[in-house]
Amino acid sequence: MLVPGKGEAVTRRIDHRSREGSEVVLPRGVVILFAVACGAAVANVYFSQPLLVTMGHDLAMSPALVGSVVTLTQVGYGLGLFLLVPLGDVADRRRLIVTQLLLLVVALAVVATAHTAAILLAGMAAVGLLAVVTQTLMAFAASLAPPAERGRVVGLVTSGVVIGILLARTVSGLLADLAGWRSVYLVSASLTALLTLVLYRVLPHHSDAPPTILRYGQLLRSTITLFATERLLRLRALFGLLIFAAFSTLWSSIALPLSEAPYFLSHSAIGALGLIGVVGALAATAAGRLNDRGLSRQTTGIALALLTASWLPLSFTRNSLWTLIVGVILLDLAVQAVHVTNQTLIYALHPDAGSRLIGGYMVFYSIGSAIGAIAATFLYTLAGWGAVCVLGSAFSCLGLALWAFTRHTIPDPAAGGASRSNDPHPTR
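Its first residue numbered 0, the sequence shown is counted upward by one per residue in numbering that gives the first Met the number 0.
Take these hints with a grain of salt, some might be off.
Using C-beta positions, here's what the derived DEER-type ranges look like [claimed, not checked]:
hint: 1; residue 1: T224; residue 2: V52; range: 43 to 53 Å
hint: 2; residue 1: L274; residue 2: G179; range: 22 to 32 Å
hint: 3; residue 1: I275; residue 2: I31; range: 18 to 28 Å
hint: 4; residue 1: D176; residue 2: H407; range: 19 to 29 Å
hint: 5; residue 1: D176; residue 2: T405; range: 21 to 31 Å
hint: 6; residue 1: F263; residue 2: G293; range: 25 to 35 Å
hint: 7; residue 1: L381; residue 2: V277; range: 25 to 35 Å
hint: 8; residue 1: Y199; residue 2: G293; range: 49 to 59 Å
hint: 9; residue 1: P62; residue 2: G179; range: 16 to 26 Å
hint: 10; residue 1: I275; residue 2: R94; range: 30 to 40 Å
hint: 11; residue 1: G293; residue 2: P62; range: 46 to 56 Å
hint: 12; residue 1: T224; residue 2: L177; range: 32 to 42 Å
Worth flagging that the hints you see were computed from the coordinates, not collected in a lab.
Keep in mind it's a predicted model, so treat the numbers as computed, not measured.
Heads up, the beta-carbon is just placed ideally off N, CA and C, and yes, glycines get one too.
Please construct the entire structure, taking both the sequences and the accompanying hints into account.
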C-alpha cells in the first residue's frame, strides 16, 4: 500500500545502503509504481492512432492534416528525448518528474477540449514532448537500484512500458466507442494527475548519481560526446535502431492484411491483437535477471536469432491467424529482451550520466521506429505483405550479423567496467 511518507522511508533505506555499503533491494512496490507511471505516460504517444478518422471528422480536418497528428506527436517525443531527458542528470529527478507530469496533465486537457485543428496539433506536439518523462523515470529507477539488481529493476519497469504501448490502442478504441475520442484524453489526464500525486508522496529525494555541474548547452553537447567516446553505446544504439525498425515494420502495417480478405477484421479486433504482444513483458523481466547474472551477450544473441526466426510464421499471416500469433509472440519477446539488455548495459557505463545515455539511446529507437513504419507501409502498397516480411527479416538479420561480428570485441561494463562507472565527470 502506498502511503504518505513512503518516500522518506525509501530515502532512509537508500541512504543507509550508501553509508553501510550494503545492497538493499529497491522495494518491489516502488518498482511497480515506476512501471505503472512509465506505461501510463508512454501510452499517450499512441492513443491517437485508432482515433484519427474520428478526430478528423469532428474538427473538419483534411486527411493530410489528420496524418500530421501522429507525426507531430512523434516529433515532439524525439525533441523531448534530446532536450528534456538529459535534465535528469543535473536536476532533482523527483521534482523534474512531478513537474513534467503536471505539464502533461495540462497538455492532455488541451487536447481533450480542442475545438480547432491548430489547438489539437499544438496539444499533441506538447503531449509527445512531455511523454518522455518515461525515460526520466527509467533512469531514476536504474539509479536507485543496486548494481546487482539493476537488470531486474530495468526489466520490470520496461514491462510497464511494453504494456502501456501495446494496450494504448485497444484502450483508446474502447473508450472512444463508449464516450467519444475526447474521453480518452480526459481519462488519461485524470490518471496522470493521480499518478503525479502518488509519485510526489512516494519517490525518494535521494539519487545515487553524483551531482553534475553542467550548463544546459554543455549538457546537450555532452550527450553527443558520450556517443563519440563510447563504442558500446554506439553499438547498443544501433541494435536499438534495428530491433525497433523490425518491431515497427510489423505493428505499423499488420492492420492492412487483416482488414482485407480473407479476414476483414474490425478495428477493435485488430487492436485486440496488441494484447498478445503483452507476452513481451515477460521477456523484459527475464532478460533483466539474465543481465544481472552476466549473460547479456548470450541474451542478445538468442533474442536476435528469435527475432529473425519470427518472420517465418509471420509470412504465413494470410493463411492462418495462428502463425501470426506465434510470430507476434516471438517478435515481441525478442525485441524486449534486447531492449532491456541495451538499457542495462549502457546505464552501467556512467550511472551519473544515466539520463543522457538512455535519452540518447531512445533517439535511435525513434529513428528505427520511423524507418520501419515508413518503409513497411510503402512496401505493402507496392508489393504486398510478403515484401513487408522480407523487410522485417532484413532488419533482424542485420542485427544478428552485427552481434555475430562484435560479440567478442566489446566488454560488458557490468562485468569489467566498474572502475570507469565511478568516474564523476565522464564527459568533461
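Going down the list of hints, with the structure as the test:
| no. | hint | result |
| --- | --- | --- |
| 1 | T224 with V52: 43 to 53 Å | holds (45 Å) |
| 2 | L274 with G179: 22 to 32 Å | holds (23 Å) |
| 3 | I275 with I31: 18 to 28 Å | holds (23 Å) |
| 4 | D176 with H407: 19 to 29 Å | violated (53 Å) |
| 5 | D176 with T405: 21 to 31 Å | violated (48 Å) |
| 6 | F263 with G293: 25 to 35 Å | violated (49 Å) |
| 7 | L381 with V277: 25 to 35 Å | holds (32 Å) |
| 8 | Y199 with G293: 49 to 59 Å | violated (37 Å) |
| 9 | P62 with G179: 16 to 26 Å | holds (21 Å) |
| 10 | I275 with R94: 30 to 40 Å | holds (39 Å) |
| 11 | G293 with P62: 46 to 56 Å | holds (52 Å) |
| 12 | T224 with L177: 32 to 42 Å | violated (50 Å) |
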